[in-house]
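Engineer: This is what each chain is made of:
Number of protein chains: 2
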Amino acid sequence: MNVKDRIHKVRESSFRLASLPVQVRNDALEAVCRSLRAKAEAVFAANAIDLENAEKAELPAPIVSRLHFGDKKLADCVAGAQDLIAMEDPLFKTLLKRELDEDLVLTRKTCPIGVIGVIFESRPDALVQIACLCIKSGNGIILKGGSEAAKTNRILFDVIYQAGVEAGLPEHFAELLEDRSQIDELLGCDEDVDLLIPRGSNAFVQYIMSNSNIPVMGHADGICHVYADRAADPEMAVPIIIDSKTQYAAACNAAETLLVHRDAAEAILPALARAAGDEIEWRVEEEALRLMEGEPATEEDFRTEYLDQILSVKIVDSLEEAIDHINRYGSHHTDCIITENDETAEKFMALVDSAGVYRNCSTRFADGFRYGFGAEVGISTGKLHARGPVGLEGLVTYKYTLEGKGQIVADYASGKSSFHFRDL
Amino acid sequence: MNVKDRIHKVRESSFRLASLPVQVRNDALEAVCRSLRAKAEAVFAANAIDLENAEKAELPAPIVSRLHFGDKKLADCVAGAQDLIAMEDPLFKTLLKRELDEDLVLTRKTCPIGVIGVIFESRPDALVQIACLCIKSGNGIILKGGSEAAKTNRILFDVIYQAGVEAGLPEHFAELLEDRSQIDELLGCDEDVDLLIPRGSNAFVQYIMSNSNIPVMGHADGICHVYADRAADPEMAVPIIIDSKTQYAAACNAAETLLVHRDAAEAILPALARAAGDEIEWRVEEEALRLMEGEPATEEDFRTEYLDQILSVKIVDSLEEAIDHINRYGSHHTDCIITENDETAEKFMALVDSAGVYRNCSTRFADGFRYGFGAEVGISTGKLHARGPVGLEGLVTYKYTLEGKGQIVADYASGKSSFHFRDL
Numbered sequence: 001m002n003v004k005d006r007i008h009k010v011r012e013s014s015f016r017l018a019s020l021p022v023q024v025r026n027d028a029l030e031a032v033c034r035s036l037r038a039k040a041e042a043v044f045a046a047n048a049i050d051l052e053n054a055e056k057a058e059l060p061a062p063i064v065s066r067l068h069f070g071d072k073k074l075a076d077c078v079a080g081a082q083d084l085i086a087m088e089d090p091l092f093k094t095l096l097k098r099e100l101d102e103d104l105v106l107t108r109k110t111c112p113i114g115v116i117g118v119i120f121e122s123r124p125d126a127l128v129q130i131a132c133l134c135i136k137s138g139n140g141i142i143l144k145g146g147s148e149a150a151k152t153n154r155i156l157f158d159v160i161y162q163a164g165v166e167a168g169l170p171e172h173f174a175e176l177l178e179d180r181s182q183i184d185e186l187l188g189c190d191e192d193v194d195l196l197i198p199r200g201s202n203a204f205v206q207y208i209m210s211n212s213n214i215p216v217m218g219h220a221d222g223i224c225h226v227y228a229d230r231a232a233d234p235e236m237a238v239p240i241i242i243d244s245k246t247q248y249a250a251a252c253n254a255a256e257t258l259l260v261h262r263d264a265a266e267a268i269l270p271a272l273a274r275a276a277g278d279e280i281e282w283r284v285e286e287e288a289l290r291l292m293e294g295e296p297a298t299e300e301d302f303r304t305e306y307l308d309q310i311l312s313v314k315i316v317d318s319l320e321e322a323i324d325h326i327n328r329y330g331s332h333h334t335d336c337i338i339t340e341n342d343e344t345a346e347k348f349m350a351l352v353d354s355a356g357v358y359r360n361c362s363t364r365f366a367d368g369f370r371y372g373f374g375a376e377v378g379i380s381t382g383k384l385h386a387r388g389p390v391g392l393e394g395l396v397t398y399k400y401t402l403e404g405k406g407q408i409v410a411d412y413a414s415g416k417s418s419f420h421f422r423d424l
Numbered sequence: 001m002n003v004k005d006r007i008h009k010v011r012e013s014s015f016r017l018a019s020l021p022v023q024v025r026n027d028a029l030e031a032v033c034r035s036l037r038a039k040a041e042a043v044f045a046a047n048a049i050d051l052e053n054a055e056k057a058e059l060p061a062p063i064v065s066r067l068h069f070g071d072k073k074l075a076d077c078v079a080g081a082q083d084l085i086a087m088e089d090p091l092f093k094t095l096l097k098r099e100l101d102e103d104l105v106l107t108r109k110t111c112p113i114g115v116i117g118v119i120f121e122s123r124p125d126a127l128v129q130i131a132c133l134c135i136k137s138g139n140g141i142i143l144k145g146g147s148e149a150a151k152t153n154r155i156l157f158d159v160i161y162q163a164g165v166e167a168g169l170p171e172h173f174a175e176l177l178e179d180r181s182q183i184d185e186l187l188g189c190d191e192d193v194d195l196l197i198p199r200g201s202n203a204f205v206q207y208i209m210s211n212s213n214i215p216v217m218g219h220a221d222g223i224c225h226v227y228a229d230r231a232a233d234p235e236m237a238v239p240i241i242i243d244s245k246t247q248y249a250a251a252c253n254a255a256e257t258l259l260v261h262r263d264a265a266e267a268i269l270p271a272l273a274r275a276a277g278d279e280i281e282w283r284v285e286e287e288a289l290r291l292m293e294g295e296p297a298t299e300e301d302f303r304t305e306y307l308d309q310i311l312s313v314k315i316v317d318s319l320e321e322a323i324d325h326i327n328r329y330g331s332h333h334t335d336c337i338i339t340e341n342d343e344t345a346e347k348f349m350a351l352v353d354s355a356g357v358y359r360n361c362s363t364r365f366a367d368g369f370r371y372g373f374g375a376e377v378g379i380s381t382g383k384l385h386a387r388g389p390v391g392l393e394g395l396v397t398y399k400y401t402l403e404g405k406g407q408i409v410a411d412y413a414s415g416k417s418s419f420h421f422r423d424l
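As they're listed, the protein sequences go chains P and A.
Note that the working numbering gives residue 293 to position 293 of the first sequence, counting from 1, and the numbers run on in steps of one.
Note that the working numbering gives residue 29 to position 29 of the second sequence, counting from 1, and the numbers run on in steps of one.
Isolated chain P (complex conformation) (with noise of 0.2 Å):
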């Protein structure tokens, strides 16, 4: 079958997935857990030929350990579904509930979005966990995991496929893509897939969103500031700023530049540069360069996710000129403003324009498990849908129901009728 057509099953099965009980949805995790269990030998055995693979194509040492895939990663990914099958159901919730009028009733209640489309890394455990997300939320879905991967999310893929179905869940309820040139068959299937969440890097994401008329859910870029303001207390900047950068620099909610009040710079720039020593490397607009060394900075570092420990440093005159830096030059991700003035702190958090606005604690603490929101799709930049980060609860929409006893239009129309709302 080609990939038009393995997607368009998905589609076919999709409407009964949306329609199954939670208890078969928890059923089918708890299958898939014992069978990662019972199989993970075989697993290990796959992981190890793509490790061995990638040592030969000589990969970079940080994408072979993401790969690994051994049982300390086997048992989070257990523990992960376990957190699953614990939490509420997110379908068949009622939202609203009105009468329109005598026995015309109007409900609006959650269900699955229908087919998800997720593009990932080379971490065969994000397999695992979003696979996972969608049995929860009752959405098919399509997977497409990175090429080094491709052993391990193989078997990854068939155990949790043939878990699933022999608990309950209708055949085709996933597949596995497995050719990088299939990404762009996947982008032309807009009627049958809802939702596409690409994980990866800033030009791969922007390619998918100005190749497919399918909406894009996550985050193409993660330039996230920190504003030291006039009223920071100094002590608590230092730390904040370092761990903003360095915790994981890596990570999309790293802080990739610094924006310093003028009237804090003294007390904030040479302490914060001891503190970090080799640490951080610097890129230091020409004002602050009197206060802390480093390489020169450019407009381009204010637009630069660095991914790394570089941090760019620059000073504003005012809460506003900081405000504006971050919405002109920021990717509204997160951005935190340290400061000890209530109102300044309001301002600063009405007039951001992220989807997390911060104060006076690490931009690093942007993640569904941090927020208490268990396994997480990914963090949106997007303002539609899901905004920030994205665990189930972003995987479902809703519709709406009316149930009648033979009503028309016409009688409304024409007065003979009439609307009185009432909310049950």
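By construction, these hints were calculated from the structure, which means they are not laboratory data.
In this text the structure is predicted, and so the values were computed from the model without any measurement.
Where hints are given, some of them may not hold.
Since the list gives no way to pick out one identical chain from another, each pair is judged satisfied if it fits inside one copy or across any two copies.
[Stated by the list, open to error] Cut-off 27 Å, straight-line C-alpha distance, at most; resulting in silico cross-link-like pairs (DSS-like, lysine-lysine):
| # | residue 1 | residue 2 |
| --- | --- | --- |
| 1 | Lys416 | Lys73 |
| 2 | Lys4 | Lys93 |
| 3 | Lys405 | Lys72 |
| 4 | Lys109 | Lys97 |
| 5 | Lys93 | Lys109 |
| 6 | Lys73 | Lys56 |
| 7 | Lys9 | Lys347 |
| 8 | Lys4 | Lys151 |
| 9 | Lys347 | Lys405 |
| 10 | Lys347 | Lys109 |
Take the given structure of chain P and dock chain A to it, following the hints.
Structural biologist: This is chain A only, laid out in the frame that chain P set:
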């Protein structure tokens, strides 16, 4: 100023707009109402010129009728704005408040989407309605109306803009585009426009979706179905079918296809044909031709939104066949089952993948006013963000705030601190 710069000014203005208290937004709406009444004669004079040009250009009567903006339309617009003033503020609502750890509090609060571009048809009242919805929800707005209403749109826009700014809205909170060529410039402004709402023909909406990276909300098609089940009450079925087709055939929620269960066909089709008389033109699939007259239906008919008093008819063998037909040929807008059987109804409503799934009432009820939402931006057949009739609520998103006292992630990673999620 060119279009790109004008739109960027709206973006800049939108940050301030987003932070205005509801009192200022309501005052602006009051000012708009006063000003519309005060300048009614000038508005009517501009409209007279548009009407004159429309007649010279021999535009079709329905367009001329939609173009007309007199006392009644003005009163409706003012009443609509008054309804909005009375509505609860959709902004700054706390959707979640959670303590992640001591003195580390996460909140999720509603906020405007930002800048919304609406491209609408010939009705000048749409301009007023949309502008008022955006003012209430704190969104910057780019309007592009039909060229046949150019003079009326211009004066309505000027009245609203001036009244808004005088009442305290920031300058550049709205822009009116007046040339069709400017639409393509608008489509390229994905850094400054957060959402496009095109209202128009299927081809037009498809064009927008294919030529912009800006998310689009709306419906391209309205192919709605009525399915008369084997357990349908024929006396209820006939008026529902006629109303769904004829009460306003050009609306997107009018039915285009009737599916009838084989066992109910004899009781319903001849009676339906008699009751409809000349009011409906039929496209009838072969088998049904034995029970009623009409042109033979082709597969193309089932993919056609007639926007006219034409209805296609098909006999099906089962509920499942009806559901498959609707999911395959429909546009996921609004579909209705007529049945006395609860189980059948439940299955239909679970498996039909549409924004509205109805039982025993006309598809024409799919409308924001009839749902009690007040003014409506449009009806969305997409599944993300908003589905079905979209009112104020569809024009807001949310942002997360996180307020701490210097917390850093390194302390949670090392185990020095730990989360204790507690909803407040």
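Engineer: Run every hint past the structure and note whether it holds.
Structural biologist: Hint check:
For a Cα distance limit of 27 Å, the shortest separation of lysine 416 from lysine 73 across copies, 23 Å, qualifies, whereas the shortest one inside one copy, 66 Å, does not. Within a single copy, lysine 4 and lysine 93 get their C-alpha atoms no closer than 33 Å, and across copies no closer than 43 Å, so neither meets the 27 Å cut-off. Proximity of lysine 405 and lysine 72 under a CA criterion of 27 Å is satisfied in neither setting, with 58 Å inside one chain copy and 33 Å between copies. In this homomeric assembly, lysine 109 and lysine 97 come within 27 Å of each other (Cα to Cα) both inside a single copy, at 9 Å, and across copies, at 24 Å.
For the homomeric pair lysine 93 and lysine 109, the shortest alpha-carbon distances inside one copy (5 Å) and between copies (21 Å) are both at most 27 Å. Proximity of lysine 73 to lysine 56 under the C-alpha cut-off of 27 Å is restricted to the intra-copy arrangement: shortest distance 23 Å within a copy versus 74 Å between copies. Taking the closest pair of Cα atoms, lysine 9 and lysine 347 come within 27 Å of each other only across two copies (20 Å); inside a single copy the shortest separation is 50 Å, beyond that limit. Within a single copy, lysine 4 and lysine 151 get their C-alpha atoms as close as 23 Å, which meets the 27 Å cut-off; across copies the closest is 49 Å, which misses it.
In the homo-oligomer, the alpha carbons of lysine 347 and lysine 405 lie at most 27 Å apart only across protomers (18 Å), although the nearest pairing inside one protomer, at 52 Å, exceeds that limit. For the identical chains of this complex, lysine 347 and lysine 109 are inter-copy neighbours only, at 15 Å across copies versus 36 Å inside a copy, given an alpha-carbon limit of 27 Å.
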